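So the sequence lines, in the order shown, correspond to chains A and B. According to the working numbering, the first sequence is numbered sequentially starting from 1. According to the working numbering, the second sequence is numbered sequentially starting from 1.
Hints in this document: simulated from the structure, not taken from any laboratory. Owing to the predicted nature of the structure, the values given are computational and were not obtained by experimental measurement. Honestly, I wouldn't trust all of these hints.
Unchecked claim - Derived DSS-like pairs: lysine-lysine, alpha-carbon spacing no greater than 25 angstroms straight-line: (1) K99(A) to K71(B); (2) K9(B) to K71(B); (3) K99(A) to K57(B).
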Amino acid sequence: AQSVTQPDIHITVSEGASLELRCNYSYGATPYLFWYVQSPGQGLQLLLKYFSGDTLVQGIKGFEAEFKRSQSSFNLRKPSVHWSDAAEYFCAVGEYGNKLVFGAGTILRVKS
Amino acid sequence: NAGVTQTPKFQVLKTGQSMTLQCAQDMNHNSMYWYRQDPGMGLRLIYYSASEGTTDKGEVPNGYNVSRLNKREFSLRLESAAPSQTSVYFCASSGRAGVPGELFFGEGSRLTVL
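Model the full assembly from the supplied sequences, consistent with the hints where possible.
Dropping the structure here:
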């Protein structure tokens, strides 16, 4: 069965510092991979997705993620974090004909 | 554009009461979903509807029923609420049936069962 692990429950970074959120998945086939962001009191919004092709994908708000098949990882990165990036981030994995499975989420705090 | 609209946004129930969460989307999407979100557990799929007229169980369907009223609307019913159903519920839609593509989420319905 597919599963997603986000090892970090909370991460705190200083404004302007770089960010990397980790995501590992367990899957047999070629996965569809996603990162979503949830601001407080809001629904989830798609940041970026990977289906195939270039393993480095660009998303909205300056985020990017890299698919590494050998490590079963899809880590999210941003070179310089802004205070408005404080939110909860979810990694998700799916396959054709199946449904998305979400990780438990990572809460990002940004300190000024 | 409204996107995905959920009602109500907040609800408090007593154990054993029933209620229905309503969801409507105006994006002409085929697929609709109901998730629950609990701290430290991410989002778990309750039920989904791949297309109008079909519904299927997700990961945690016990205690819930759904109705795909038409292409726009997908409701979630709790027949006899239990404290374990205290959660935030999200409705979502997707335009690409069979392909786990981009989900569009509503703002959530926070339910407390006393």
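To see whether the hints hold, each was checked on the structure:
no. : hint             : verdict
1   : K99(A) to K71(B) : 19 angstroms, holds
2   : K9(B) to K71(B)  : 22 angstroms, holds
3   : K99(A) to K57(B) : 11 angstroms, holds
When each numbered hint is compared with the structure, no violation occurs for any of them.
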